[in-house]
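Please model the complete structure; the sequences and the hints are all you need to start from.
These protein sequences, in sequence, are chains A and B. The numbering used here numbers the first residue of the first sequence as 1 and each following residue consecutively. The numbering used here numbers the first residue of the second sequence as 1 and each following residue consecutively.
It is possible that some hints are incorrect.
Stated by the list, open to error - Simulated restraints on C-beta separations: (1) Ser-236(B) to Val-103(A): 47 to 57 Å; (2) Pro-58(B) to Glu-101(A): 57 to 67 Å; (3) Asp-239(B) to Ser-375(A): 50 to 60 Å; (4) Lys-281(A) to Asp-239(B): 26 to 36 Å.
Claimed, not checked - Sample of chain A residues lacking proximity to chain B, with all beta carbon distances greater than 10 Å (derived): (5) Asn-14; (6) Ile-246; (7) Lys-345; (8) Lys-391; (9) Glu-445.
Calculated directly from the structure, the hints in this document are not laboratory data. We treat Cβ as the ideally placed atom computed from N, Cα and C, and that holds for glycine.
There are 2 protein chains.
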Amino acid sequence: MHNYIQENKERFLNELIDLLKIPSVSADPSFKGDVSNAAQFLKERFQELEMDRVEIYPTNGHPIVYAEKIVDTSLPTVLVYGHYDVQPADPIELWHSGPFEPVIKTTEIHPEGAIFARGACDDKGQMYMHLKAFETMVKTGNLDCNAKFIIEGEEEVGSVNLEAFIRANQAMLAADVILVSDTGMLAKDVPSITTGLRGLSYVEVEVVGPNRDLHSGLYGGAVANPINVITEMIASLQDENKHITIPGFYDDVLEISDEERSEMAKAPYNEMAYCNSIDIKETAGEKGFSTLERATIRPTLDVNGIWGGYIGEGAKTVLPSKANAKISMRLVPNQDPEKITQLFKDHFEKIAPKSVTVKVTPHHGGEPALTPIDSDEYRAASLAVEEAFGKKPIPVRSGGSIPIISMFEKILGLKTILMGFGLDSDAIHSPNEHYGLFNYYKGIETIPLFYKYYAQIKK
Amino acid sequence: MHNYIQENKERFLNELIDLLKIPSVSADPSFKGDVSNAAQFLKERFQELEMDRVEIYPTNGHPIVYAEKIVDTSLPTVLVYGHYDVQPADPIELWHSGPFEPVIKTTEIHPEGAIFARGACDDKGQMYMHLKAFETMVKTGNLDCNAKFIIEGEEEVGSVNLEAFIRANQAMLAADVILVSDTGMLAKDVPSITTGLRGLSYVEVEVVGPNRDLHSGLYGGAVANPINVITEMIASLQDENKHITIPGFYDDVLEISDEERSEMAKAPYNEMAYCNSIDIKETAGEKGFSTLERATIRPTLDVNGIWGGYIGEGAKTVLPSKANAKISMRLVPNQDPEKITQLFKDHFEKIAPKSVTVKVTPHHGGEPALTPIDSDEYRAASLAVEEAFGKKPIPVRSGGSIPIISMFEKILGLKTILMGFGLDSDAIHSPNEHYGLFNYYKGIETIPLFYKYYAQIKK
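So, in structure tokens, the structure goes:
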């Protein structure tokens, strides 16, 4: 297979470039036709790959591209998930070349070159690796598993129509494992596999004092100010060690063994470089855990938005009627978003002083996800990466949440392998997004090895 | 004089009605012509009053009307200040009659009737009492002081051109006391005189963390969130007794004697009615002081506005780069706004954790004001009110700030008597503003008595 990849290297890249030229921005209705064109482009590329079936499924939003090849029903089936839509390119003036005019340039991290374009890494580049890896397996007679592909066009707008599609097509999507390349690895020479995602509980709170805005001169001091109150209430949700004070909040947290923590600590990390990259003097957070641990294996409580009173130019002496905040809690394995949301609500209502009334409104939540490192799918992925990189991958927890992963698990009963090849420096969602050619080809090389080892383990 | 007022009662009211029909909304440029018309109207009314001089002074904004009558340079001179501009009428749909179509209706508090119109109390009604009181003194041969009138058209937009006018015309404005009716009294049968105003220190703060908005999944827990930090910092500015924790904040506060506090406590006040009027379950504030004391003789720290992160619809998991707040402190006599602003700035910068940077930007300030109750002007006002109402007025402190009062004191070296006849229920700045006919005529009756007693005391 290595030879096949080498011989078709240039074409593999040119096809990706053609895909990157299509501005499939799902968030902006004016790109609707382009999003469709990207789906059509994929359909045609799949049709060149001796699939059994290739279809575009319309949804209430952007279409889903589905393809499958069943070699032998006794073989395990890999369901590949990816997305062909991209984030908006704004702020466009910060791009050094057109976001939809892909160019290859070298960077310090990528002396072999990287392809610069919106979606280069997230997720067109990483998703397209799976088509070319599949081609490689088919053309060289090495397809050891059945393969199904579900490539959606709404990931960047919350996958709003995906769940209905999954529920309606459970039989068609039946598989043994889901394989996704939409995350990153620690470094080009430090391969890693994402084994855990945090869950999410997201609430909006409102603190109401007087029934109208008051004059802060005439009433100030006499009446509780909802903004002052909301700052006190929010501040009280964490103690001086940044431990969350909501009763019962930590009850279900799956504590991580010292062994696993020391494994995690082997990931290369430089605190000063980390601080410099976002221009802060020092990190901060829960006492007793490292920066990386706090960002991945520990739950959090962050205010994502706050507003109240006069926020225009200049000064206005209003004692406002109310104040609001959006607060999210990242959850770790075994914490239940609905339970946490209820604990938050009960606590927040309880700590409200009598001088105000509070309202807590839940927004969406998401369950944490965990792929055990002793599972078949993890072992297969680990062996594949080790063979391709010559180095055993480090299992890492991500601090983010990908709600569709727990959705897949719930509806299809499948675990997901997050075998991503991106790097933190790829600037996804930002101007000058790029994806290393090294990473692109390494991904194409690694994916067939996953199929191989997974088939072996499952035999 | 009483007879003259009775005989001209109807005309006194009709003239005010004509003035109230002019929509002199200073904040809205589309009413510019109407504001001018109101100034012209006043000029004509002054010209009917045997003044020595009546003039309209243009400014960069709306004009100032000036009038004077010097009876005898050996007599004391009263400088009357008022304003003929009004607040916008919005929300107009809540008015029961047109804001500029004055009607007389009775209310529970005003069985004799009240005039409903924007500006009825603030300040056209209260200001026009001074013209009619002056007319009464002149026509009945009772003008015991020289009189000067400065009636501006920009009070509701911050008196932006007043200071320059005062500075440029100090000789013309030379007087012994300033008399203003632009405040209220405790109740129709509880006359009071405002003897103190709070000052103001107003700052804007910015708390900056990372140099860009971060993903709260990837960075949450690892990095200080500027909104969480600003809530902690603001919450820490007051202790559990709502005492302000800024070092030195209370150093210059003129503590009030137990005697004066018990005098103040005689003012009629019903905590439950107060709470009901703004629909709160209970008041809150600094321990050890009554609600009225907290609103008047104690300094405060109120957040007037706060904003940061995502404040649109729905949920966005951003760890924002920064958070901002507008914070004002009401000050009491002897506190210096500039000193307090500096103390705030020093303290706020000091308590900032190293994980963020903070910026404190001062907005405008204002000095507290105090008219001692043993001063000549207060004694004259007290005697006047006592004669008119048959009851000694209660000296009260207002929690608000009227920066022009300390400006007058600084530039002209004059103390101000705030002899207001409005009631809290008059709904100034709100829909259905009104002014009791009782209050209007009582004001016209009281003002000449102030001139009389002031001339006697100064003799």
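Verification of the hints:
no.: 1; hint: Ser-236(B) to Val-103(A): 47 to 57 Å; result: holds (51 Å)
no.: 2; hint: Pro-58(B) to Glu-101(A): 57 to 67 Å; result: holds (59 Å)
no.: 3; hint: Asp-239(B) to Ser-375(A): 50 to 60 Å; result: holds (53 Å)
no.: 4; hint: Lys-281(A) to Asp-239(B): 26 to 36 Å; result: holds (28 Å)
no.: 5; hint: Asn-14; result: holds (32 Å)
no.: 6; hint: Ile-246; result: holds (14 Å)
no.: 7; hint: Lys-345; result: holds (16 Å)
no.: 8; hint: Lys-391; result: holds (24 Å)
no.: 9; hint: Glu-445; result: holds (27 Å)
Violated hints for the displayed structure: none, as all numbered hints are satisfied.
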